[in-house]
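Each protein sequence line maps, in turn, to chains R and S.
Throughout, our numbering is defined as the position within the first sequence, counted from one, plus 2.
Throughout, our numbering is defined as the position within the second sequence, counted from one, plus 10.
Keep in mind that the hints were calculated from the coordinates and are not lab data.
Among the hints, erroneous ones may be present.
As the list claims (entries may be wrong) - Coverage of chain S stretches by chain R, computed from C-beta distances (three or more under 8 Å per stretch; other residues unrestricted):
| no. | segment |
| --- | --- |
| 1 | 59-69 |
| 2 | 227-239 |
| 3 | 251-258 |
Stated by the list, open to error - Using 30 Å as the maximum straight-line C-alpha spacing, the simulated DSS-like pairs for lysine-lysine come out as follows:
| no. | chain 1 | residue 1 | chain 2 | residue 2 |
| --- | --- | --- | --- | --- |
| 4 | R | K280 | R | K183 |
| 5 | R | K196 | R | K217 |
| 6 | S | K58 | S | K205 |
| 7 | R | K17 | S | K205 |
| 8 | R | K254 | S | K205 |
| 9 | S | K206 | R | K287 |
| 10 | R | K155 | R | K196 |
| 11 | R | K254 | R | K280 |
| 12 | R | K180 | S | K35 |
| 13 | R | K5 | R | K196 |
| 14 | S | K206 | S | K89 |
| 15 | R | K196 | R | K110 |
| 16 | R | K110 | S | K262 |
| 17 | S | K198 | R | K110 |
| 18 | R | K155 | S | K239 |
| 19 | R | K280 | R | K180 |
| 20 | R | K180 | R | K217 |
| 21 | R | K287 | R | K320 |
| 22 | R | K183 | R | K307 |
| 23 | R | K317 | R | K287 |
| 24 | R | K217 | S | K262 |
| 25 | R | K217 | R | K183 |
| 26 | S | K58 | S | K206 |
| 27 | R | K257 | S | K239 |
| 28 | S | K58 | R | K257 |
| 29 | S | K262 | R | K320 |
| 30 | S | K58 | R | K280 |
| 31 | R | K280 | S | K205 |
| 32 | R | K183 | R | K196 |
| 33 | S | K262 | R | K254 |
| 34 | S | K58 | R | K183 |
| 35 | S | K206 | R | K155 |
| 36 | S | K35 | R | K196 |
| 37 | R | K183 | S | K153 |
| 38 | R | K254 | S | K226 |
| 39 | R | K217 | S | K89 |
| 40 | S | K262 | R | K317 |
The model shown is predicted, which means the values in this text are computed figures rather than measured ones.
Beta carbons are placed, not taken as given, at the ideal position from N, Cα and C, and that holds for glycine.
Listed below, chain by chain, are the residues.
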Amino acid sequence: MTKTWVFAEVSPDGKVEAGALELLTKARSLGGEVEAVALGPGATEAAAQLGEYGASAVHASDDSVYTDYVAQPAAEALHQLSRQRSPDLILFSMTYDSRDIAGRLSAKTGSTLMSNVTDILSPDRARTAVFGGATLVDVELEGSPKLLLVRPKSFVPEPSGGQAQIVPMDVQISDDAKKAKRVERHEEEASGPKLEDAPVIIAGGRGLQDAENFKLLDELASAIGNAAVGATRAVVDAGWVPYSMQIGQTGKTVKPGVYIAVGISGATQHIVGMKGAKRIVAINKDEDAPIFQIADLGIVGDALKILPQVTEEIKARKG
Amino acid sequence: MNIVVCVKHIPDPNLPPQMDGHRLKREGVQGVLDPGDEFGVEAGLQLKETHGGEVTLVSMGPAAAIEAVRKGLSMGADKGVLVSDEALQEADALVTARVLAAAIARHPFDLVIAGVESTDGYTGTMPSTLAEFLGVPQVTFAKHLEPAADGIRVQRQTAEGYHVVECPFPAVITVTAGVNEPRYASFKGIMSAKKKPLEQLSLADLGIGSDDVARKQQVIELAPADQRKAGEVIQDDGSGAQRISEFLVDAKVI
Ligand SMILES: Cc1cc2nc3c(=O)[nH]c(=O)nc-3n(C[C@H](O)[C@H](O)[C@H](O)COP(=O)(O)OP(=O)(O)OC[C@H]3O[C@@H](n4cnc5c(N)ncnc54)[C@H](O)[C@@H]3O)c2cc1C
Ligand SMILES: Nc1ncnc2c1ncn2[C@@H]1O[C@H](COP(=O)(O)O)[C@@H](O)[C@H]1O
Numbered sequence: 003m004t005k006t007w008v009f010a011e012v013s014p015d016g017k018v019e020a021g022a023l024e025l026l027t028k029a030r031s032l033g034g035e036v037e038a039v040a041l042g043p044g045a046t047e048a049a050a051q052l053g054e055y056g057a058s059a060v061h062a063s064d065d066s067v068y069t070d071y072v073a074q075p076a077a078e079a080l081h082q083l084s085r086q087r088s089p090d091l092i093l094f095s096m097t098y099d100s101r102d103i104a105g106r107l108s109a110k111t112g113s114t115l116m117s118n119v120t121d122i123l124s125p126d127r128a129r130t131a132v133f134g135g136a137t138l139v140d141v142e143l144e145g146s147p148k149l150l151l152v153r154p155k156s157f158v159p160e161p162s163g164g165q166a167q168i169v170p171m172d173v174q175i176s177d178d179a180k181k182a183k184r185v186e187r188h189e190e191e192a193s194g195p196k197l198e199d200a201p202v203i204i205a206g207g208r209g210l211q212d213a214e215n216f217k218l219l220d221e222l223a224s225a226i227g228n229a230a231v232g233a234t235r236a237v238v239d240a241g242w243v244p245y246s247m248q249i250g251q252t253g254k255t256v257k258p259g260v261y262i263a264v265g266i267s268g269a270t271q272h273i274v275g276m277k278g279a280k281r282i283v284a285i286n287k288d289e290d291a292p293i294f295q296i297a298d299l300g301i302v303g304d305a306l307k308i309l310p311q312v313t314e315e316i317k318a319r320k321g
Numbered sequence: 011m012n013i014v015v016c017v018k019h020i021p022d023p024n025l026p027p028q029m030d031g032h033r034l035k036r037e038g039v040q041g042v043l044d045p046g047d048e049f050g051v052e053a054g055l056q057l058k059e060t061h062g063g064e065v066t067l068v069s070m071g072p073a074a075a076i077e078a079v080r081k082g083l084s085m086g087a088d089k090g091v092l093v094s095d096e097a098l099q100e101a102d103a104l105v106t107a108r109v110l111a112a113a114i115a116r117h118p119f120d121l122v123i124a125g126v127e128s129t130d131g132y133t134g135t136m137p138s139t140l141a142e143f144l145g146v147p148q149v150t151f152a153k154h155l156e157p158a159a160d161g162i163r164v165q166r167q168t169a170e171g172y173h174v175v176e177c178p179f180p181a182v183i184t185v186t187a188g189v190n191e192p193r194y195a196s197f198k199g200i201m202s203a204k205k206k207p208l209e210q211l212s213l214a215d216l217g218i219g220s221d222d223v224a225r226k227q228q229v230i231e232l233a234p235a236d237q238r239k240a241g242e243v244i245q246d247d248g249s250g251a252q253r254i255s256e257f258l259v260d261a262k263v264i
């Protein structure tokens, strides 16, 4: 029987990172046993939610060593746990921390690690997409435990109404693992809906010409209401907007009802992060821009002119 | 400070990718130094300039990867190491990390710098696997870095902001695009690069057997994904804004 583990990142107030719930949902469909591992403050509190999405057991520790130090303690714990309990498959959501943990674990176990997974076909077969999602690649994995880093939003989370048993952990964290220490945390307070949850996203690219013009997107977002503003890497790298707004391969993956791409060329690395949108609108002054190949509605024109007009139109409609 | 920078040679990302069966074709195609690794080279050079020491480039790849190492040398790095071997043609991130670790561990080092993810493979895990093989901590996603007492202080990107992470040497870090402004190679740099030491190693030189580099992932199928279809594309003749708002009404978001 396949034993699948989901590594769940949790916040100190016991909330589970969304990707873990997606993975638990998928893990259930693989058959066999489904368990979760949660490390750091909030872990035992998170067990209830993990159970609700299908974990029959949660290996949990509230020890702050897992959040004070980057990756190493968690990799050590997972390594010891997996030697004790031999899971066949460990699923990670492809977040900053999980990438590092999975990477280190792969060296410890010598087992295979596959990144950018978009679907799990069976316990030893997974799928990824390349070339901006144009080509699907199915990969067969050997050895155990197999480690998969799965792109967020690959699966839709659905509760199963189960309950998890909390299993205390018996692991030793070495002093060598306590090296890379988090000494400050700076998190931006997001106003409005989060990019990952917003039903409408308006994303801007270099075509907006300069940072100032991003406020045109904010104005449109507030006219629409319940909309969030995103960006391409080109403008994040240019320092116009913070990285937390980046959509794409190295940024967030989003699946809104409507995605409005403004002054965005449509590079493959951007498209992989947003092509799951239900509908896509694009404004670009170049009629050959690749973004038009995936847009349901494309407007060839000057974004700086069109954006304020759309905002006015919508305000007028809403009265 | 002994600084090692990982540099990967990749097929030119501005050209359409060519396949060799189930793999990306890497030999006999136009290649470049991964643009993401230019940030790593620049970070290494800046640390050297302010704190002294030496910058060594390491790469694993086909013989042509020597061009990527030369590019880094012409930017100002001191010496290069290229591991090249027939048996590495299908190397995955785990194998790459094992090989680079063996090449790096031959000499004492303070800091290894890599990119967050490669442009062609983008697994994003090679550096942390490398850190584990080297037995040192890693700090990934550095968007700003500065030396601290006996180590490094890094602003590490997170989903909604950044954390400051302090880490003693030796360590592995990865840098994001945007951490600095990579310099261009000067003519003088290009000329002097030709005389800099460039070591070429095989797996045997590193004492690695072919069993250690067998990959544990096999591509079994490539298939085109369902493509979104292009919809209507219209020239904005003044009615564009109205079309968009009608579209939004239709989609029931306003
Ligand atoms: C390893 C790697 C990872 C990456 N990850 C990401 C990622 O996560 N997310 C991401 O977005 N990118 C990513 N990229 C970068 C990506 O390849 C592109 O460079 C980037 O998406 C381009 O951003 P852009 O569309 O804003 O800029 P450009 O490509 O410069 O496009 C600007 C567009 O604006 C149009 N324009 C100009 N003026 C106007 C105007 N007045 N009105 C309307 N349109 C106008 C132009 O016609 C053009 O199409 C990554 C690249 C690499 C190598
Ligand atoms: N073959 C290689 N040679 C040298 N460095 C590499 C190689 N593969 C990956 N790297 C480094 O590791 C980083 C992440 O790569 P990846 O895990 O492939 O996304 C890259 O940006 C490089 O700095």
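Verification of the hints:
1. Under a criterion of three residues with beta carbons nearer than 8 Å to beta carbons of chain R, the stated coverage of the segment 59-69 of chain S fails, only 0 such residues being counted.
2. For the segment 227-239 of chain S, the assignment as covered by chain R holds, since 11 residues bring a beta-carbon within under 8 Å of that chain's beta-carbons and 3 suffice.
3. Three residues within the 8 Å Cβ limit are the bar, and the segment 251-258 of chain S against chain R gives 7, so the coverage statement holds.
4. Restraint check: the Cα-Cα separation between K280 of chain R and K183 of chain R comes to about 41 Å, which exceeds 30 Å; the hinted pair is violated.
5. With a C-alpha separation of about 17 Å, the suggested pair K196 of chain R and K217 of chain R falls inside the 30 Å cut-off, and the hint holds.
6. Of the supplied pair hints, the one linking K58 of chain S and K205 of chain S holds, its CA atoms being roughly 20 Å apart against a limit of 30 Å.
7. Of the supplied pair hints, the one linking K17 of chain R and K205 of chain S is violated, its CA atoms being roughly 57 Å apart against a limit of 30 Å.
8. Of the supplied pair hints, the one linking K254 of chain R and K205 of chain S is violated, its CA atoms being roughly 44 Å apart against a limit of 30 Å.
9. Between the alpha carbons of K206 of chain S and K287 of chain R the distance comes to roughly 47 Å, so the proposed pair goes past 30 Å and is violated.
10. Of the supplied pair hints, the one linking K155 of chain R and K196 of chain R holds, its CA atoms being roughly 14 Å apart against a limit of 30 Å.
11. Pair hint K254 of chain R plus K280 of chain R holds up; C-alpha atoms about 16 Å apart against a cutoff of 30 Å.
12. At roughly 41 Å between alpha-carbon atoms, K180 of chain R and K35 of chain S are farther apart than 30 Å, so this suggested pair is violated.
13. Straight-line distance between C-alpha atoms of K5 of chain R and K196 of chain R comes to about 34 Å, which puts the hinted pair past the 30 Å bound.
14. The hinted pair formed by K206 of chain S and K89 of chain S meets the criterion: a straight-line CA distance of about 6 Å does not exceed 30 Å.
15. For a cut-off of 30 Å, the pair hint linking K196 of chain R to K110 of chain R is broken: about 36 Å separates their Cα positions.
16. About 51 Å separates the Cα atoms of K110 of chain R and K262 of chain S, which puts this hinted pair outside 30 Å; it is violated.
17. With a CA separation close to 44 Å, the supplied pair K198 of chain S and K110 of chain R exceeds the 30 Å bound.
18. The suggested pairing of K155 of chain R with K239 of chain S holds, with an alpha-carbon distance near 22 Å, which does not exceed 30 Å.
19. Taking the CA atoms of K280 of chain R and K180 of chain R, the gap is about 44 Å. The hint is violated against a cut of 30 Å.
20. With a CA separation close to 43 Å, the supplied pair K180 of chain R and K217 of chain R exceeds the 30 Å bound.
21. In summary, the hint linking K287 of chain R to K320 of chain R is supported, as the alpha carbons are separated by about 28 Å, within the 30 Å threshold.
22. Taking the CA atoms of K183 of chain R and K307 of chain R, the gap is near 48 Å; set against the 30 Å cutoff, the hint is violated.
23. Annotation: proposed proximity of K317 of chain R to K287 of chain R holds, straight-line Cα distance about 25 Å (limit 30 Å).
24. Restraint check: the Cα-Cα separation between K217 of chain R and K262 of chain S comes to about 24 Å, which is no more than 30 Å; the hinted pair holds.
25. Taking the CA atoms of K217 of chain R and K183 of chain R, the gap is near 37 Å; set against the 30 Å cutoff, the hint is violated.
26. Distance check on the hinted pair: K58 of chain S and K206 of chain S sit about 17 Å apart at the alpha-carbon level, within 30 Å; holds.
27. With a C-alpha separation of about 17 Å, the suggested pair K257 of chain R and K239 of chain S falls inside the 30 Å cut-off, and the hint holds.
28. As the CA atoms of K58 of chain S and K257 of chain R are separated by approximately 44 Å, the hinted pair breaks the 30 Å bound.
29. Distance restraint check for K262 of chain S and K320 of chain R: the Cα-Cα separation of roughly 13 Å lies within the 30 Å cut-off, and the hinted pair is therefore satisfied.
30. Proposed proximity of K58 of chain S and K280 of chain R is contradicted: the alpha carbons are some 49 Å apart, above 30 Å.
31. Of the pairs offered as hints, the one joining K280 of chain R and K205 of chain S is violated, with about 56 Å between alpha carbons and a cut-off of 30 Å exceeded.
32. Under the criterion of a C-alpha separation no larger than 30 Å, the hint pairing K183 of chain R with K196 of chain R is consistent with the structure, at around 28 Å.
33. The hinted pair formed by K262 of chain S and K254 of chain R meets the criterion: a straight-line CA distance of about 24 Å does not exceed 30 Å.
34. Of the supplied pair hints, the one linking K58 of chain S and K183 of chain R holds, its CA atoms being roughly 24 Å apart against a limit of 30 Å.
35. At most 30 Å may separate the alpha-carbon atoms for a hinted pair to count; K206 of chain S and K155 of chain R exceed this at roughly 48 Å.
36. Between K35 of chain S and K196 of chain R the CA atoms are separated by roughly 39 Å; this puts the pair beyond 30 Å, and the hint is violated.
37. Restraint check: the Cα-Cα separation between K183 of chain R and K153 of chain S comes to about 16 Å, which is no more than 30 Å; the hinted pair holds.
38. With a C-alpha separation of about 29 Å, the suggested pair K254 of chain R and K226 of chain S falls inside the 30 Å cut-off, and the hint holds.
39. For a cut-off of 30 Å, the pair hint linking K217 of chain R to K89 of chain S is broken: about 47 Å separates their Cα positions.
40. Pair hint K262 of chain S plus K317 of chain R holds up; C-alpha atoms about 15 Å apart against a cutoff of 30 Å.
Violation of the numbered hints given earlier is confined to hints 1, 4, 7, 8, 9, 12, 13, 15, 16, 17, 19, 20, 22, 25, 28, 30, 31, 35, 36 and 39; the remaining hints are satisfied by the structure.
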